[in-house]
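In the order they appear, the protein sequences are chains A and B. Using the numbering used here, the letters of the first sequence correspond one by one to residues 1 to 262. Using the numbering used here, the letters of the second sequence correspond one by one to residues 1001 to 1329.
Calculated directly from the structure, the hints in this document are not laboratory data. Worth double-checking, as some hints may not be accurate.
Unchecked claim - Straight-line C-alpha distance at most 25 Å; calculated DSS-like pairs for lysine-lysine:
#, chain 1, residue 1, chain 2, residue 2
1, B, 1143, A, 29
2, B, 1282, A, 257
3, B, 1088, A, 228
4, B, 1292, A, 236
5, A, 25, A, 225
6, A, 225, B, 1282
7, A, 29, B, 1295
What follows is the residue order along each chain.
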Amino acid sequence: MDIIVCVKHVPETAEAELKIDASGKTIEKTGLVFDINEWDDYALEEAVRIKEKFSGTVTAITVGPEDSDSTLRKCLARGADKAIRLTDLKFTNSDAYATAKILYSIIKNLHFDLILTGAQAGDDGSAVVGPVLAGLLGVPHATMVKKIEFGEGKAVVNRELEGGLEERLEVKLPAVFTVQTGINEPRYVSIMGIRKAMQKEIRVMGLADIGLNESEVGEAGSWLKIEKLYVPPVEKQAEFLQGSPDEIATKIIEILKSRGLV
Amino acid sequence: MAEIFVLAEHRQGQLRDITFEMLTKARELAEKTNADLTAVLLGKNVREHAKNLVEYAKRVLLVEDDKLEHFNSDAYQKVLSHIFKERKPILTVIGHTSYGVELAPRLAAALNVPLATDCIDLAFEGDALTVTRQMYGGKVNVKAVLRKAEGYMVTVRQAAFQVQKPPTPSNGEIEEIPSPLTEEITTKRFLQYVLPPPGGVDITAAEVLVGIGRGIKDQSNIPIVEELAKSIGGVLACSRPIVDKGWLPSDRQVGISGKTVKPKLYIALGISGAFQHVLGMKNSDLIIAVNKDPKAPIFSFSDYGIVEDLFKIVPPLRNKINELKAQKT
Ligand SMILES: Cc1cc2nc3c(=O)[nH]c(=O)nc-3n(C[C@H](O)[C@H](O)[C@H](O)COP(=O)(O)OP(=O)(O)OC[C@H]3O[C@@H](n4cnc5c(N)ncnc54)[C@H](O)[C@@H]3O)c2cc1C
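Given these sequences and hints, build the entire structure.
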């Protein structure tokens, strides 16, 4: 089975202090740690597991600047066979739709039985790339997938609905599945694996190589144009409890007492 | 007359809340732009829903077909494309739900209609559509404008808009459209629903919940918070990553894809406050959050906040509760 995994290199922001930069349209990236998008991490792991079971190849593809190589290296270390990075200054400000078109223009020339990607990216949370890519390729898709099984020319997948409910679907292959977290447990990479991955080649391609027009990528080829970023207005600000941990604990107890909770 | 479409979402015989949230917001936009508000309802034997929707919309476009018994994005795409080509709505609103995420992006691309997903607000400025969405797990808001087009599509976040009935029921008409589906959809077939595994702990029944998130860092730290939960007479709950890692079973998960809880007390430890989590706990009577990050979104949903390492707060808190209990006995 030949599997393509589309991955994104994103900043880890859960614990970081974010600053909006001078343009007002993006955040300051210096000082942030970047890694593979959480959802893509599960997609990659699933691809490698399928390869291990049925043999075949895994190709990791990303659209992003040179820094994204570290995410591709991680994919290679974890079991991907090939890596492709699509990089061009003209890609700047591409939204999820333009990104899907960029991915399509290379993937249409590759052989694949299955394409996996994350259900969304942790930075912009669009959840758009997978299904649009499937539409362009003219193959079926399923999003938010939590389980994949294979039959003759088809897959049976569990899609996550709300409130813990799932639905089981039968989907013809080749297909694009976007993967939801928790589908597997991504493995750790051994030092050996990382060393070996350093030697593997990452193919780099730009706008001209993939035969796309300038107007189809970047802001011109996007659905969305960012006007400004701002700190979300606070509707209900918590009252902050200050002091030493001991004093804070005492304050919490007082609050709980006053409400009859202890 | 220009039209704004709202795609009615329903499952297992029930219209879902998001439908009415979307109708509420879309009504406001329809009034401002002088457009008709049209609910679009696809399904099998769903006329009862249509009767419900006419209270909110000027009209309901009803497509009934056995092949639409269960949601299937390929079937929906065929039907909606057919309707769109005839009616050319200026805006189509779909839920940013499991169904909407499956349907909207591919549909928009096929129709060449610009789409913005997971919107928490939207407004027409002239003939341009401006949306508000969030990035980085809710730490940043974004105002964005869609590429100029004759029609736009958005998916909207669940619970972003509060349902309001129209001051007077719309008394809309039901307009039936013959299904354009001629054959079975074979690319993708619904097989069955899969229910979450039964049994386990019912966190929705607990009066006190101690919710833990990724800030707990390691499975080996769980006993520390479990002890706190025990001494305070509560039950351990968690955010999604804790279940994804297999540290706690899925019946402990709070949020959009887990449980909705409303305890008397919810203590959030090392939870950032992504909306998918917050939707499941924001109606708790009292919320106390401990997080190292003063900018963590959880603090805008909490009554009390503590900016501190949870491992410094939990032990003294547990000790003091135990002391108190010892005094009483
Ligand atoms: C379709 C979909 C459905 C989802 N459904 C759910 C759902 O039902 N429930 C859910 O919870 N999530 C859900 N999610 C995931 C959600 O988007 C977030 O990724 C998740 O809630 C984050 O969990 P967290 O807050 O534990 O982790 P993070 O966002 O990583 O936050 C960890 C927090 O811990 C803090 N921290 C770290 N160390 C410490 C310490 N020592 N002391 C104090 N604080 C510390 C950090 O500052 C940070 O704020 C869903 C996502 C999608 C796409």
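Now the hints, each set against the structure:
{"no.": "1", "hint": "B:1143 <-> A:29", "verdict": "holds (19 Å)"}
{"no.": "2", "hint": "B:1282 <-> A:257", "verdict": "holds (22 Å)"}
{"no.": "3", "hint": "B:1088 <-> A:228", "verdict": "violated (30 Å)"}
{"no.": "4", "hint": "B:1292 <-> A:236", "verdict": "holds (19 Å)"}
{"no.": "5", "hint": "A:25 <-> A:225", "verdict": "holds (10 Å)"}
{"no.": "6", "hint": "A:225 <-> B:1282", "verdict": "violated (32 Å)"}
{"no.": "7", "hint": "A:29 <-> B:1295", "verdict": "holds (17 Å)"}
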